[in-house]
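Protein sequence lines correspond, in order, to chains A and B. Numbering-wise, the numbering used here puts 71 at position 52 of the first sequence, and it's gapless, one number per residue. Numbering-wise, the numbering used here puts 196 at position 195 of the second sequence, and it's gapless, one number per residue.
Calculated cross-link-like contacts (lysine to aspartate or glutamate; reagent style DMTMM-like; alpha-carbon spacing at most 25 Å):
no.	chain 1	residue 1	chain 2	residue 2
1	A	K195	A	D37
2	B	K37	A	E128
3	A	K253	B	D21
Derived by calculation from the structure, the hints in this document are not laboratory data.
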Amino acid sequence: MSGHTDMVLVDENGMRIDGRTAEQHRPIKIEAGVLHNADGSAYVEIGKNKVLAAVYGPRECHPRHLQNPEKAIVQVKYNMEAYSVSDRKRPGTDRRSIEISKITAEALEKVVLTELYPRASIDVYIEILQANAGTRCAGLTAASVALADAGIPMRDIVPAIAAGKADGKVLLDLNKEEDNYGQADVPIAIVPSTDEIVLLQMDGNMTRAELDHAIELAVNACHEVHDLQVDALKRRYSKDREASE
Amino acid sequence: MERRNARQTREIVVPGDVLDGTGMKPGDYAYVQGGKVRASVMGVRNVFQNTVGVIPLRGCYMPTSGDTVIGVIVDIGPSNWLVDIGAPYPAPLHVNEVPWKVEFGDTSRYLGMGNVVLLKVLSVDESKKIQVTMKDSGLRRLEGGRLVKVSHSKVSRIIGKSGSMISMLKNMTDCRITVGQNGMVWVDGDEENADVAVRAIRMIEEKAQCGNLTDLVREFIESKLPQSEIDEGDE
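Whole structure, please, built from the sequences with the hints as guidance.
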């Protein structure tokens, strides 16, 4: 957002540096049930982002003072590996990961039927193995697949994707260069069945018209991501069936 | 046979999928939104009379009163034990609910840490507080043998239609097997036989989606344990 570059992020034909148009997202790969010891898990690749999510629970909530006698709480831990970015990232919790953990937990709490499990806790661990802009969206996408894989009752599966602005144009799913040298980044997560927005952040500057356009782009793309999430979950069981027959 | 085929073609749904939009009532793990019934867990779509629900494929065990479960003692208090029954909540077993006369503070003499017990769920209230009892026929401490943990949603496959699978397992492997509703299975028998029984149970869990599972398991056990005199009694 702050950096400057002579790089042409969007050329005169509307092509981006990785060969996408403004309204294309990066290739997405989703796989459910990749970890054996977790109750539910998912692996997501969005372009060069590689994310692993694991879900445990519902289980007894510790520490006790966090328990809510009326509903379960969703605890998320977002963690970037030290090797996930080109410069070594100092391992451990920082301001950024606390923020992302919080917004992810709040987005997931909107869809999980937490009132079914009073006093319990549902723990979600998001590990960023490789980062290339848009990891909070990839993390949330993976986490909601992992929750469904864990058999936790929820209203819907949450997809997330970012839109943004670079070289003065509104683009979908920014990559590293567009994020660093662009003007704005707007990650969005929705509940596909109702089109409710459960996550919306903006960093940078955009006009109102540009923001509306960005939201429209991202919401449409979220529905595409949702189809891939559903497909990944269903594939898990058709695969099981094929393997055993 | 027809019913079994029908079960095979049942549709897998994920949270948010529309189960019905024509005015059926929501069943288990389903909710209504904007006049449509939607699924709330990943599972198999299940229509029963006028309701449509989901049979979950995964998920944690939620106790209901009357369930027979197998638990492990994880904590001992002066007048109760805490039992892990695989639910998200601890299950306290009070001294009044055991078949022995226990003096206050003398609990550890009867059941120690790590002991395995066969219990019944007495009650679960709306805040999910569980009470379990050992005061019923057949409920006891399980000694010897081994404990296998499977997903609780596979318990019905292990038992089989009117107990066909479990009785076959017991007959063919000559083991004592007790299945708890919470997915804990206790197997006791000869080293070799118990080994096969445990592997058969693991196989049932893995291949729970398959048709004619009973035949597959029978073949498996026959290949591992050549059936001689037991076989006749089985048929």
